[in-house]
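*Asks:* Assemble chain X onto chain L, guided by the hints.
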Amino acid sequence: MDDIRLDAQWIDYLLIAIYFVFVLGIGWFAKRGISSSIEFLLSGRSLPAWVTALAFVSANLGAVEIMGMSATGAQYGMPTMHYFWIGAVPAMLFLGVVMMPFYYGSKVRSVPEFMRRRFGTGAHLVNALSFAIAQILIAGVNLFLLGTIVNRLLGWPLWLALVVAAAIVLSYITLGGLTAAIYNEVLQFFVIVAALLPLTIIGLNRVGGWDGLVERVSNDGMLGAEQLSSWPGEQLSGFSNPVLSVIGIVFGLGFVLSFGYWTTNFVEVQRAMASKSINAARLTPILGAFPKMLIPFIVVVPGMIAAVLVTQLTQFKQISMTVDEATAQAQTGVTYNDALLLLMREVLPNGLLGIAIAGLLAAFMAGMAANISAFNTVFSYDLWQQYVVKDREDDYYLKVGRYATVGACVVAIFTALIAGNFSNLMDYLQTLFGFFNAPLFATFILGMFWKRMTATAGWVGLVGGTLSAVAVFILSETGVFDLPGQGAAFLAASTAFVVDIVLSVIVTYQTTPKPAAELRGLVYSETPKADFADANEPTPPIWKRPVPVAGVALVLVIILNVTFG
Amino acid sequence: MSTPNELTKTAGAFDIRNVIGALLGIFGIILALVGIIGFTPDEAARTGGIDANLWTGIGLILTAAVFFIWARMRPIRIVDEDAGE
Numbered sequence: 000m001d002d003i004r005l006d007a008q009w010i011d012y013l014l015i016a017i018y019f020v021f022v023l024g025i026g027w028f029a030k031r032g033i034s035s036s037i038e039f040l041l042s043g044r045s046l047p048a049w050v051t052a053l054a055f056v057s058a059n060l061g062a063v064e065i066m067g068m069s070a071t072g073a074q075y076g077m078p079t080m081h082y083f084w085i086g087a088v089p090a091m092l093f094l095g096v097v098m099m100p101f102y103y104g105s106k107v108r109s110v111p112e113f114m115r116r117r118f119g120t121g122a123h124l125v126n127a128l129s130f131a132i133a134q135i136l137i138a139g140v141n142l143f144l145l146g147t148i149v150n151r152l153l154g155w156p157l158w159l160a161l162v163v164a165a166a167i168v169l170s171y172i173t174l175g176g177l178t179a180a181i182y183n184e185v186l187q188f189f190v191i192v193a194a195l196l197p198l199t200i201i202g203l204n205r206v207g208g209w210d211g212l213v214e215r216v217s218n219d220g221m222l223g224a225e226q227l228s229s230w231p232g233e234q235l236s237g238f239s240n241p242v243l244s245v246i247g248i249v250f251g252l253g254f255v256l257s258f259g260y261w262t263t264n265f266v267e268v269q270r271a272m273a274s275k276s277i278n279a280a281r282l283t284p285i286l287g288a289f290p291k292m293l294i295p296f297i298v299v300v301p302g303m304i305a306a307v308l309v310t311q312l313t314q315f316k317q318i319s320m321t322v323d324e325a326t327a328q329a330q331t332g333v334t335y336n337d338a339l340l341l342l343m344r345e346v347l348p349n350g351l352l353g354i355a356i357a358g359l360l361a362a363f364m365a366g367m368a369a370n371i372s373a374f375n376t377v378f379s380y381d382l383w384q385q386y387v388v389k390d391r392e393d394d395y396y397l398k399v400g401r402y403a404t405v406g407a408c409v410v411a412i413f414t415a416l417i418a419g420n421f422s423n424l425m426d427y428l429q430t431l432f433g434f435f436n437a438p439l440f441a442t443f444i445l446g447m448f449w450k451r452m453t454a455t456a457g458w459v460g461l462v463g464g465t466l467s468a469v470a471v472f473i474l475s476e477t478g479v480f481d482l483p484g485q486g487a488a489f490l491a492a493s494t495a496f497v498v499d500i501v502l503s504v505i506v507t508y509q510t511t512p513k514p515a516a517e518l519r520g521l522v523y524s525e526t527p528k529a530d531f532a533d534a535n536e537p538t539p540p541i542w543k544r545p546v547p548v549a550g551v552a553l554v555l556v557i558i559l560n561v562t563f564g
Numbered sequence: 000m001s002t003p004n005e006l007t008k009t010a011g012a013f014d015i016r017n018v019i020g021a022l023l024g025i026f027g028i029i030l031a032l033v034g035i036i037g038f039t040p041d042e043a044a045r046t047g048g049i050d051a052n053l054w055t056g057i058g059l060i061l062t063a064a065v066f067f068i069w070a071r072m073r074p075i076r077i078v079d080e081d082a083g084e
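In order, the protein sequences belong to chains L and X. At position 546 of the first sequence (counting the first as 1) the number is 545 in numbering that gives the first Met the number 0, and the numbers step up by one without a gap. At position 69 of the second sequence (counting the first as 1) the number is 68 in numbering that gives the first Met the number 0, and the numbers step up by one without a gap.
Bear in mind the hints are in silico, worked out from the structure with no lab data behind them. Please note: incorrect hints may appear among the correct ones.
[To be verified] In the SDA-like style, the derived pairs of lysine to any residue whose C-alpha atoms are separated by at most 25 angstroms in a straight line are:
#1 L:389 x L:405
#2 L:30 x X:38
#3 L:30 x X:43
#4 L:275 x L:527
#5 L:543 x X:71
#6 L:450 x L:527
#7 L:543 x X:68
#8 L:275 x X:69
#9 L:106 x L:463
#10 L:275 x L:24
#11 L:450 x L:463
#12 L:543 x X:17
#13 L:543 x X:72
#14 L:275 x X:72
#15 L:275 x X:74
[Claimed, not checked] DEER-style ranges, computed between Cβ atoms:
#16 L:420 x X:68: 50 to 58 angstroms
#17 L:563 x X:43: 49 to 57 angstroms
#18 X:48 x L:166: 41 to 49 angstroms
#19 X:39 x L:550: 49 to 57 angstroms
#20 L:420 x X:65: 43 to 51 angstroms
Positions of the beta carbon are idealized from the N, C-alpha and C atoms, including for glycine.
Bound conformation, chain L alone (with noise of 0.2 angstroms):
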């Protein structure tokens, strides 16, 4: 790949160096709160609702979300805001309303814990080694990610970006434990929304105005006004049928991949079980809804401008619609996963660029930080002192947590370098552990409800699930069926959903549910109604009431859909 050497000056450098002050100082300051393995795993449970919010929006709008997200808007346009309407908003609601109160209310750790507790040690082991695996591996990615871009953007060399990347996010970590990466998650969501904000305006400013984007995109030559209205959005869903199109985009990826995601994965979850109640452990997705459906209007915006407005993308854009993108990419020499980059070159002074490019290193930062400080939990409680040092005093198993820190970092370095050189190869792991999520949402939502499921069908459902859609996967890849765009991620999604359910029923009715009596806090019939109220605090007014905020978020998404569609 070429350089895009961005022309920072000394002015750009000081209010980086200002913003890594910031964050080491976040660490070092949390650090005066840790004194016992809670404190420093889940922030002893005591941050407010908005802090836990903005941490669990920011824990997902890592590097990944942003440069690929504003690549999908500079290739189709609106559709890709259902990654976050569809995709990200409905799901985030659900864990709020109905399953926030399971995981808070039993006062277990972390998601794999819930699982032990439900479907005993078969489940739990499944689940908290491929959760670990998983997160060490995305952690590397995205450290890779970030290596690339200060690479890049600074000419730093790749190895020298890999391992100062990795010390900051180590110190903060280590010092200040979960406190200092949520802190620093919400610190980076402000110096994001100020870098993107900014760059959509003047974006916007160049091509005329939203008009003039309207104008320009429809008039492209390529997709057309197609582009201006996220449904059908046959292009991004693959199916050119539009009936098709948008019932693959509600089940495929409203439903079956976004609530398998959001619901179950530790990395987010975590966020809302720092939170000082459960009141405030279900507003945390509920109120995270919102900058979550107006975040596309600076992510996938600009990369809708950038496509239009930078001449080597609309170049690239061109020659790959009407030859491929390889051929597109050697003669232009930028991608889509450009865009942003391209932006902020094209438009940005020196100055606002200083604080893009902090919030892009903090962006990726804070995915790896988010990915270690899942880890270390899942490692201490669920695979540590569960399964190979039990019944120790706290101290030892803080002491393990900042130990799996330190080794999650120095593990994570390694798999970025093998990331650097085996591209295809992650791209196929991280498909992989995707499909680890949909048979556990299943699971998940059988076992809360369905007090009589046994905990063999815990296993049998998640292992016969996750192979289900491996073997999905595999079939479309040799070829044995075709199916385009995000077609056979949806398929293989979907058939690891069924598989899992009906397996977990048959299983069930051959074995020997748990006593109702181990029940309590785990399952829906079982648990009284005041387990899952705060005990000693009055009933919040109705605009801190979940369900009702809820039902607001709901509309408000419903209304960007009908408006934007």
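*Replies:* Just chain X now, with coordinates in the frame of chain L:
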């Protein structure tokens, strides 16, 4: 801001709202200065005539002010367990 007979203390400087306010405030002041001193024709061409640094700087300073005021109006009270023993 807590009175001595309450078993609470405020988070003070480490209230995350003050940290956000401080960072955005510093960013805002620097950008506004750059915007006032160094607005060149080249930049005007990039942005389509807006002094982007100045306006972003002003926006950041105002946002920072909101966070400081919020933290001042509603300080976090932490129950101090040591004081109760």
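*Asks:* Could you tell me which of the numbered hints above are not met by this structure, giving the numbers in increasing order?
*Replies:* 2, 3, 9, 17
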